[in-house]
Amino acid sequence: MIAHVGILVSDIEKSKKFYTEALKPIGYQMLREYGVTPTRPAASAGFGEPPRADLWIYQGTPSKTAVHIAFQVNTRTLVDAFYQAAIAAGGKDNGKPGIRPQYNPNYYGAFVLDPDGNNIEAVCREPPG
Amino acid sequence: MIDHTGVLVSDFEKSKTFYTEALKPIGYQLLLEFPASITGSANVAGFGEPPKPDFWIGEGKPNDPRMHIAFRVGKRLLVDAFHQAALAAGGKDHGVPGLRPHYHANYYGAFVLDPDGHNIEVVCHEPEQRSGA
Chain A
1 MIAHVGILVS DIEKSKKFYT EALKPIGYQM LREYGVTPTR PAASAGFGEP
51 PRADLWIYQG TPSKTAVHIA FQVNTRTLVD AFYQAAIAAG GKDNGKPGIR
101 PQYNPNYYGA FVLDPDGNNI EAVCREPPG
Chain B
1001 MIDHTGVLVS DFEKSKTFYT EALKPIGYQL LLEFPASITG SANVAGFGEP
1051 PKPDFWIGEG KPNDPRMHIA FRVGKRLLVD AFHQAALAAG GKDHGVPGLR
1101 PHYHANYYGA FVLDPDGHNI EVVCHEPEQR SGA
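Residue numbers (our numbering), protein chains in the order written: chain A, 1 to 129; chain B, 1001 to 1133.
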């Protein structure tokens, strides 16, 4: 399974706030924060469901092509809540909550662009109920 | 938890072969492919532990700067096996298997650059297992 993934962000303070708010509905928190140290060349922050951080953001030059990261949730309501929170936190709509039947009949996802244009998704693969 | 993520690769067929071989020791397989006509953007291929892919490669201009993605395993031997397989498949060493105690005491990882330079890691967070354990 994926242990962690890291992305570069242009304004780490702005992105810390964005991810804190956008991912709160799906149980994520900012779990770690580091400044620049001999083994850490850039300021960073780690987000995840406690205790383990699996999304890391680093101060730097963001990818010119958007990175895509999706988070798994178990109910469609949480997909909706992620979408609303991410838009409220300053994200841009990149696909409203709904079924994507081309992936599978119960693929319910929503897509939001983060402050640097990275494509962040929450997806529920469970049938409604 | 992360459901899926991925990287953009310049040579789709080459990277399919690379990831098939490099991730085989950790139980990953090429599980699903979608053409650009379905995704609306690019041809994509999904790798994972069956049945669900969680790592996707998409055909296109590689992410710049390159991505860093790490996969978690339960044994240090699997970190070693990944590193060997990935180098044999044409990856470039980016950090030999070993402890990274500045992350935490049992952080045992290895790093390989894929054909486009994406930084792929396999990490074991468990203490060393005794022989026979």
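Among these hints, one or two may not hold up.
Claimed, not checked - On the chain A side, residues computed to face chain B include the following (Cβ under 10 Å):
hint, residue
1, H4
2, M30
3, Y58
4, T61
5, T65
6, I99
7, E121
To be verified - List of simulated lysine to aspartate or glutamate pairs, DMTMM-like, C-alpha gap at most 20 Å:
hint, chain 1, residue 1, chain 2, residue 2
8, B, K1014, B, D1116
9, B, K1016, B, E1033
10, A, K64, B, D1080
11, A, K24, B, D1080
12, A, K64, B, D1093
13, B, K1052, A, E13
14, B, K1052, B, E1021
15, A, K17, A, D93
16, A, K96, B, D1003
17, B, K1061, B, D1080
18, B, K1014, B, D1093
19, B, K1052, B, D1003
20, A, K64, A, E126
21, B, K1024, B, D1093
22, A, K92, A, E13
23, A, K64, B, E1126
24, B, K1061, A, D116
25, A, K64, A, D80
26, A, K64, B, D1116
27, B, K1075, B, E1033
28, B, K1061, B, D1003
29, A, K96, A, D80
30, A, K24, A, D80
31, B, K1092, B, D1080
FYI, nobody ran anything at the bench for these hints, they're computed from the structure. Backbone N, C-alpha and C define an ideal beta-carbon position, used for all residues, glycine too.
Going down the list of hints, with the structure as the test:
1. H4: 5 Å, holds
2. M30: 16 Å, violated
3. Y58: Holds. Min distance 9 Å.
4. T61: 7 Å, holds
5. T65: 5 Å, holds
6. I99: 15 Å, violated
7. E121: 8 Å, holds
8. B:K1014 / B:D1116: 10 Å, holds
9. B:K1016 / B:E1033: 10 Å, holds
10. A:K64 / B:D1080: 33 Å, violated
11. A:K24 / B:D1080: Cα-Cα ~36 Å, so violated.
12. A:K64 / B:D1093: Distance of about 25 Å is beyond 20 Å: violated.
13. B:K1052 / A:E13: 34 Å, violated
14. B:K1052 / B:E1021: 18 Å, holds
15. A:K17 / A:D93: 18 Å, holds
16. A:K96 / B:D1003: Cα-Cα ~18 Å, so holds.
17. B:K1061 / B:D1080: 30 Å, violated
18. B:K1014 / B:D1093: OK: K1014 (chain B) and D1093 (chain B) at ~18 Å, within 20 Å.
19. B:K1052 / B:D1003: 9 Å, holds
20. A:K64 / A:E126: With Cα atoms ~33 Å apart, K64 (chain A) and E126 (chain A) exceed 20 Å; violated.
21. B:K1024 / B:D1093: 17 Å, holds
22. A:K92 / A:E13: 18 Å, holds
23. A:K64 / B:E1126: Roughly 36 Å between the alpha carbons, so the hint for K64 (chain A) and E1126 (chain B) is violated.
24. B:K1061 / A:D116: 18 Å, holds
25. A:K64 / A:D80: 28 Å, violated
26. A:K64 / B:D1116: 15 Å, holds
27. B:K1075 / B:E1033: Judged against 20 Å, a Cα distance of about 29 Å means the pair is violated.
28. B:K1061 / B:D1003: 23 Å, violated
29. A:K96 / A:D80: 9 Å, holds
30. A:K24 / A:D80: Measuring from Cα to Cα gives roughly 12 Å; hence the hint holds.
31. B:K1092 / B:D1080: 14 Å, holds
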